[in-house]
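So the chains spell out like this:
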Amino acid sequence: MTSLISLKQITKSFKSMRALDGIDLEIRAGITGLLGPNGAGKSTLIKLLLGLVQPTSGTASFLGFDVRKQGRQIRNRIGYMPEDDCYISGLSGVNAVQFSGCLSGIPKTESLRRAHEILDFCDMKQERYRMVDTYSTGMRQKIKFASAIVHDPEFLILDEPTSGLDPEERETLLKRIRLLASQMGKSVLISTHILPDVQAICDDVVILSQGKVKLCEPLANLNRTTNPSFCIRAIENIDQLAQELDTNDVEVIKNPDGTLTVASQSPELPEIIWKAAYQTGVNIQSLIPARNSLEEVFLSTVTESPNTEEVD
Amino acid sequence: MPIHDVGYRRLTNEKNSSLFRWLAICRIGVQLALKSKWVKRIMLTAWLPMTYWAAGFFVIEKQLIADQLSLVGGDGSLNQAAMLALTESITNRFSFFLGVDDLQNVFQSGDIPEIRNTIWRWMLMSFFRYPQAIVILFLVGFIAPSLISQDIRSRAFLLYFSRPISKLEYICGKICVPSIFITLVTTLPALCLYMIALLMSPDISTFPQTWDIPVRIVIATFGLVIPTSAVALMLSSLTQESRFANFSWFAVWGLGHGAWLTIVLATALQMGLPLWDPEVMRSEVVTNWSAISLYNSLGSLQSYIFGFETFAESWRGIISLFGITAFSMTILYRRVSSPM
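For the protein sequence lines, the chains are A and B, in the order given. This note's numbering puts the first residue of the first sequence at 1, with every later residue one more than the last. This note's numbering puts the first residue of the second sequence at 1, with every later residue one more than the last.
Chain A extracted, bound-state conformation:
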């Protein structure tokens, strides 16, 4: 699959501080989560992709356009939802979205029609006629999201899209993003600190730390554990099963919810588990492959030593 974003040895320095340090990155179509601790270079990377800051060195292309020279063409094709609480004071919600459409070149009347359509899609009701200044954080997030998609962009860059939303709204927004990607064929880059959001909707994950790409992998690969491991739920006598597995050189972890996570170097781990269950007379309720949590992956990636080479 061709890359929509292709960065080669991109460096961006601000005086003595190096925000991006020789980044090589390929992002394909789909939903990509951009993760990283504060100060990792995520915002700089986004501004660089938007053509708002110029790289100090390296080459970058976004949707086939050169980031250095064709920022305008790039911005014509993308929708950006900033993290900051930014708005134009004195405008109503619908006028704010209409104005965003006009800035992207949609004629005034058509832009108003489109703004209403998008606000319906975002489930914004009569409050769309209120001044943006009076909105709650959640409503402003909706307006920013609506402004980002009003001109039907090919690519969406969403910076902390779910921050400030209640759980229900958060779930709904993630559904909308998923719908835009799956039914409208849009590609999305989500920069966030909320790992469950990434886990819920992303196809790929990029982890930035100290201005470097520490990891760029499909989410499915990250979920896979290195050793064969399983999560076991039994009806009763799970402690006996744990003891039996322990004698068979299987690493056993007892989880607080009463389940067991078992791991072994042996590729025959499922057979070992079933044999142990037979010998102890334990009825296994479920046996499912264990998954790495994204949080574990994230923490292990960003806490690696600074000299660690990036993972491709």
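Keep in mind the hints are simulated off the structure, nothing from the lab. Any given hint could turn out to be false.
[Unchecked claim] Straight-line distance between alpha carbons at most 20 Å, and here's what the computed SDA-like set of lysine to any residue pairs gives:
(1) B:K167 <-> A:P55
(2) A:K125 <-> A:M139
(3) B:K167 <-> A:L52
[Stated by the list, open to error] Some chain A residues well away from chain B (every beta-carbon gap over 12 Å; in silico):
(4) Q9
(5) S16
(6) R18
(7) A29
(8) R68
(9) G138
(10) T247
Don't be surprised by glycine CBs; every beta carbon is placed ideally from N, CA and C.
Here the structure of chain A is known, so what remains is to put chain B in place on it, guided by the hints.
Then chain B, alone, in the frame of chain A:
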């Protein structure tokens, strides 16, 4: 769910040319400015002086027609004494600004079309220079300070610059906002006055005699709009608080003109003459320092555009305005770029 909710649909319509997207910034700025009741009040007040000037055109045209009929003496020459009386009565208040000597030379020539052209130019220049300049001071003071400072405060820069809009287009869109209001209170009434004057003139042959005046009005508008908008927006870009920009705007005008008035006062005291004596106004010190006042510099440029001053007389004001505009635009561009 709204009954017309159609979900997310592809946008199929053609987009506008990228050349005119800054107009959206201008339109929204005008729309927001018009929400202020004070701006509406100032706009209405700004048109009141037009009635006084319209009456002036009526009087002058009546007199000029009368000149052609009755002020022409038995030998066919113009009754210069009557014309001078008229001129002096009109120019009495602002004689030291308007160069009455030059006007008198024109009147003495007895060429009615030339006299008409000169009086009309002078009338319109004084319209620009006195009532409308004061109106512009307040109007721009109400509109411009919030234009960029509010964008800085509400971090709206990212909304603009994440779209296919360049910094120059942003500045262009913002500058157009005060420019449109200035045009509405200067150019439009001035052109209306010209039309009124044409309607009051004896016949259509007046137009070929005065065709240059609308052109001068338009050029004078540019001369007024560009420096004032640039200074006001530069001040707006320097702060997040529009009230500071507002205060600075009035301070720039007040301090500059106040300093010049102090020089005038000192010169008048030194010469032992009344403050507004033409001798004081034409003294070298007062003329040399006149450019420290933005008001004087704009007046100087307008006098040049309307043909009452030569470049040699008005270069200080023109250079000063050029410098102020270039400085303001440079600061403005840097300030607009810095949030990135």
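Going down the list of hints, with the structure as the test:
For the hint pairing K167 of chain B with P55 of chain A, the CA-to-CA distance comes to about 19 Å; that is within 20 Å, so the pair holds. Distance restraint check for K125 of chain A and M139 of chain A: the Cα-Cα separation of roughly 11 Å lies within the 20 Å cut-off, and the hinted pair is therefore satisfied. Simply put, K167 of chain B and L52 of chain A have alpha-carbon atoms about 10 Å apart, close enough for the 20 Å limit, and the pair holds. Remark: the non-interface label on Q9 of chain A is consistent with the geometry, its nearest Cβ contact in chain B lying 23 Å away (cut-off 12 Å).
At roughly 19 Å from the closest C-beta of chain B, the C-beta of S16 of chain A stays outside 12 Å, upholding its exclusion from the interface. Residue placement check: R18 of chain A keeps its beta carbon more than 12 Å from all beta carbons of chain B (closest about 18 Å). No beta-carbon of chain B comes within 12 Å of the beta-carbon of A29 of chain A; the shortest separation is about 17 Å. No beta-carbon of chain B is positioned within 12 Å of the beta-carbon of R68 of chain A; the least distance is around 15 Å.
For G138 of chain A, the condition that its CB be more than 12 Å from all CB atoms of chain B holds, with the nearest at approximately 18 Å. The Cβ of T247 of chain A sits about 58 Å from the closest Cβ of chain B, beyond the 12 Å cut-off, so the non-interface label holds.
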